[in-house]
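Visitor: Chains as they are written, first to last, in this note's numbering: chain A, 73 to 403; chain B, 81 to 365.
Hints should not be assumed to be uniformly reliable.
[To be verified] Far from chain B, by Cβ distances over 12 Å, these chain A residues were calculated: (1) Leu87; (2) Leu104; (3) Pro151; (4) Asn245; (5) Leu256; (6) Gly269; (7) Val270; (8) Ala278; (9) Phe300; (10) Trp342; (11) Ile369.
[Claimed, not checked] With beta-carbon atoms standing in for the labels, derived distance ranges: (12) A/Ser95 x B/Thr197: 30 to 36 Å; (13) A/Leu238 x B/Asp199: 18 to 24 Å; (14) B/Ala347 x A/Phe309: 24 to 30 Å; (15) B/Leu327 x A/Asp208: 45 to 51 Å; (16) A/Pro173 x B/Val87: 32 to 38 Å; (17) B/Thr197 x A/Ala89: 42 to 48 Å; (18) B/Val357 x A/Asp208: 42 to 48 Å; (19) A/Ser95 x B/Arg137: 36 to 42 Å; (20) A/Ala149 x B/Thr197: 46 to 52 Å; (21) A/Asp208 x B/Ala347: 27 to 33 Å.
Just so you know, these hints were derived from the structure itself, not from any lab. A virtual CB, placed ideally from N, CA and C, is assigned to each residue, including glycine.
One-letter residues, chain by chain:
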Amino acid sequence: MSARRAWPVLVLAALAAWPWVASRYFVFLASLVLVNVVVAIGLNLLSGYTNQLSFGHAGFLALGAYAAALVAIHAPAVPVVVTLLLAGAFTAAVGLAFGVPCLRLGGLYLSMATLAFGFVITEAILNLDTLTKGADGLRVPVLRLGGFGALGDTGRYYLTAVTAALMVAAAVNLVRTRTGRAFLAIRESEIAAQASGVPVAAYKTAAFGLSAFYTGVAGGLFAFVVGFLSPDAFDVFLSVDFVVMIVVGGLGSVPGSIIGAAVVTVLYDWLAAFQNYRPLIFGAILIACMLFMPGGIVLSYVGGPDMAAPLTWGPRHGPQTPNARRVPGNP
Amino acid sequence: MSAATIVHVVVSGLATGAIYALMALSLVIIYNATRTLNFAQGEMLMMSTFVAWSAQRALGLPLVLTLVVAILAGGALAWLVERAIIRRAIAGTHWDVLIITVGLSLILRAAAGLAWTHDEFPFPSFFPSAPLVVGPARVAPVSLGILGGSLALIRFTRLGRAMRAVAQNQRAARLMGISVERVYSTSWVLAGVVGAVAGVLVAPVVFLSSTMGLIVINGFTAAVIGGFGSMPGAVVGGMFLGVLENLAPLYLPSGIRYSVPFVVLVAVLVVRPAGLVGRVERRKV
Numbered sequence: 073m074s075a076r077r078a079w080p081v082l083v084l085a086a087l088a089a090w091p092w093v094a095s096r097y098f099v100f101l102a103s104l105v106l107v108n109v110v111v112a113i114g115l116n117l118l119s120g121y122t123n124q125l126s127f128g129h130a131g132f133l134a135l136g137a138y139a140a141a142l143v144a145i146h147a148p149a150v151p152v153v154v155t156l157l158l159a160g161a162f163t164a165a166v167g168l169a170f171g172v173p174c175l176r177l178g179g180l181y182l183s184m185a186t187l188a189f190g191f192v193i194t195e196a197i198l199n200l201d202t203l204t205k206g207a208d209g210l211r212v213p214v215l216r217l218g219g220f221g222a223l224g225d226t227g228r229y230y231l232t233a234v235t236a237a238l239m240v241a242a243a244v245n246l247v248r249t250r251t252g253r254a255f256l257a258i259r260e261s262e263i264a265a266q267a268s269g270v271p272v273a274a275y276k277t278a279a280f281g282l283s284a285f286y287t288g289v290a291g292g293l294f295a296f297v298v299g300f301l302s303p304d305a306f307d308v309f310l311s312v313d314f315v316v317m318i319v320v321g322g323l324g325s326v327p328g329s330i331i332g333a334a335v336v337t338v339l340y341d342w343l344a345a346f347q348n349y350r351p352l353i354f355g356a357i358l359i360a361c362m363l364f365m366p367g368g369i370v371l372s373y374v375g376g377p378d379m380a381a382p383l384t385w386g387p388r389h390g391p392q393t394p395n396a397r398r399v400p401g402n403p
Numbered sequence: 081m082s083a084a085t086i087v088h089v090v091v092s093g094l095a096t097g098a099i100y101a102l103m104a105l106s107l108v109i110i111y112n113a114t115r116t117l118n119f120a121q122g123e124m125l126m127m128s129t130f131v132a133w134s135a136q137r138a139l140g141l142p143l144v145l146t147l148v149v150a151i152l153a154g155g156a157l158a159w160l161v162e163r164a165i166i167r168r169a170i171a172g173t174h175w176d177v178l179i180i181t182v183g184l185s186l187i188l189r190a191a192a193g194l195a196w197t198h199d200e201f202p203f204p205s206f207f208p209s210a211p212l213v214v215g216p217a218r219v220a221p222v223s224l225g226i227l228g229g230s231l232a233l234i235r236f237t238r239l240g241r242a243m244r245a246v247a248q249n250q251r252a253a254r255l256m257g258i259s260v261e262r263v264y265s266t267s268w269v270l271a272g273v274v275g276a277v278a279g280v281l282v283a284p285v286v287f288l289s290s291t292m293g294l295i296v297i298n299g300f301t302a303a304v305i306g307g308f309g310s311m312p313g314a315v316v317g318g319m320f321l322g323v324l325e326n327l328a329p330l331y332l333p334s335g336i337r338y339s340v341p342f343v344v345l346v347a348v349l350v351v352r353p354a355g356l357v358g359r360v361e362r363r364k365v
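Just chain A, with the same shape it has in the complex (with noise of 0.2 Å):
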């Protein structure tokens, strides 16, 4: 068996091992690290791959979990994979009612407006106080699968690792196929593209509703997990914490997500008593990977396509010669 085919297997017995060797609160950490990979990858498939910007996951977050501890609440028959479906479907009409207008906005504008579209969010959650509790907060009823009862921790441990499992498989076949190719085009060069016949509109929006999907799936899992939503949780500040962890990861990288969203979510649980220093760590994980190693994690020690020439440290003299890439304004 070869490498690449190790690893998956490799890392699917040790997410199956977990709960036998790690103790009730490390499964539960692991849980956050699953559902963050899956949004890691949502957010990667639309700023990694197609270089729209998003500061306004934590809005899809909330979207999908509020959805499904509604359905969990109002329609407890409906079995855990359909509300986690609905949860995604849901959270992606939404996204694409909001993408597809703000599609036609260059970058920049796109990421204010889904900044605006997070702040948004949360000020419906609290104002539909009727339907979401406002900011008292919205218990979610205890999971319950077929024929295992009510699940603990671990049963929600394996329902949200064998969803991760499923998300990442298809991301990992889709960014192989001709929409992944597509996506990448689209994130090397939108005019390149479309004057190579790529439907760069349908891409992005295709884009926009997959991130959605992949996000609200996200939010069902997370309000599974952490049992209790409020809307203070879905800040801006947790946008900022996704971006970061494709960053640290690796733009434009499945793996890159993973290891971006188990890295930041540890280091975010490890720093738990120094909450104060928390975001200027944060902060200067950000600009360091940004100056040192703008591939992320993966692109730095994993090995991959050199897409990045990294910038160097130090002033510079004289006219430079940098990589055309990085210049988009030079001719």
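With chain A held as given, fit chain B onto it using these hints.
Guide: Okay, now just chain B, sitting in the frame of chain A:
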């Protein structure tokens, strides 16, 4: 609703709008010279306001001197940030710099929290206890004066021409003997100064706190409404947003108030992406 109420609301809206316009201006200055968005503008403004507030409390400075301290702090911080961080990424894409400034905003917010705690502090107003009408009558000229100054700087001076050249094509500008580094520094310092003024003006309204920087999102919205990159647009957008934000609660449920800027932002982006005053940007391939 009486006409007097509406006039009052509109006028106080213009006062807020003038502050938004300044924030928009500080974003636009950096954008115009370097084609990047400074996500940390709000946090920079918050830091300079905190420094000014500390100086004012420690030394009992009059408000005018407090403003001077804020301006000095804002300029110094911007210079430091540009020299220490942004310059390292001078050849980076907009995305690289945007993400770097996101990191910077996290760092500055945490640093302010460590230095001054995350509590809210009242900030003395320049226009205490006077009827609201007096406020805008003075805020607006400050805003317009700064706008006129910046506009003249960009349009008529050598420095302004260099800034525009760097924005258009960094490499060509460098070949023409323009120091791209100096243009970066200058535009950052300029934006820091304008932001510092906005910070001192807005602090009495929203309270001084480490999360005060989020108010600059309204400044961004204002800039987009006017047409991002256009300086008159920044002012038109700021005023428009300020008035709208103050009028909305009269007609809409109160919970919606804070969503208004964002709804307007998305609406403007969809209907008229170039903004009210801005021109459509064309890029040669």
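Visitor: Okay, valine 357 of chain B versus aspartate 208 of chain A on CB: inside 42 to 48 Å?
Guide: holds (44 Å)
Visitor: Between threonine 197 of chain B and alanine 89 of chain A, is the Cβ distance one that fits in 42 to 48 Å?
Guide: Since threonine 197 of chain B and alanine 89 of chain A have Cβ atoms about 45 Å apart, the given range 42 to 48 Å holds.
Visitor: Honestly, do leucine 238 of chain A and aspartate 199 of chain B meet the 18 to 24 Å range at C-beta?
Guide: The hinted range 18 to 24 Å is violated for leucine 238 of chain A and aspartate 199 of chain B, with Cβ atoms some 46 Å apart.
Visitor: Against chain B, does glycine 269 of chain A hold up as non-interface, every C-beta pair farther apart than 12 Å?
Guide: The assertion about glycine 269 of chain A holds, with a minimum of 16 Å to chain B.
Visitor: Compute the least Cβ-Cβ separation between tryptophan 342 of chain A and chain B, then decide whether it is above 12 Å.
Guide: holds (16 Å)
Visitor: Is the distance from the Cβ of alanine 347 of chain B to the Cβ of phenylalanine 309 of chain A consistent with 24 to 30 Å?
Guide: Distance hint for alanine 347 of chain B, phenylalanine 309 of chain A holds at roughly 26 Å.
Visitor: For proline 173 of chain A and valine 87 of chain B, compare the CB-CB distance with the range 32 to 38 Å and indicate the outcome.
Guide: holds (35 Å)
Visitor: Measuring from beta carbon to beta carbon, are aspartate 208 of chain A and alanine 347 of chain B in 27 to 33 Å?
Guide: For alanine 347 of chain B against aspartate 208 of chain A, whose Cβ atoms are near 31 Å apart, the range 27 to 33 Å holds.
Visitor: In terms of Cβ atoms, is chain B entirely out of 12 Å range of valine 270 of chain A?
Guide: holds (15 Å)
Visitor: Verify this label for me: leucine 87 of chain A is non-interface relative to chain B, using a Cβ-Cβ cutoff of 12 Å.
Guide: Per Cβ check, leucine 87 of chain A is outside 12 Å of chain B; nearest 30 Å; holds.
Visitor: Beyond 12 Å from chain B, beta-carbon-wise, is isoleucine 369 of chain A?
Guide: It holds; isoleucine 369 of chain A is separated from chain B by about 15 Å at its closest Cβ, greater than 12 Å.
Visitor: Do the beta carbons of leucine 327 of chain B and aspartate 208 of chain A sit within 45 to 51 Å of each other?
Guide: Taking Cβ atoms as reference, leucine 327 of chain B and aspartate 208 of chain A lie about 31 Å apart, which means the hint is violated.
The structure does not agree with the numbered hints 13, 15 and 19 stated previously, though it agrees with the rest.
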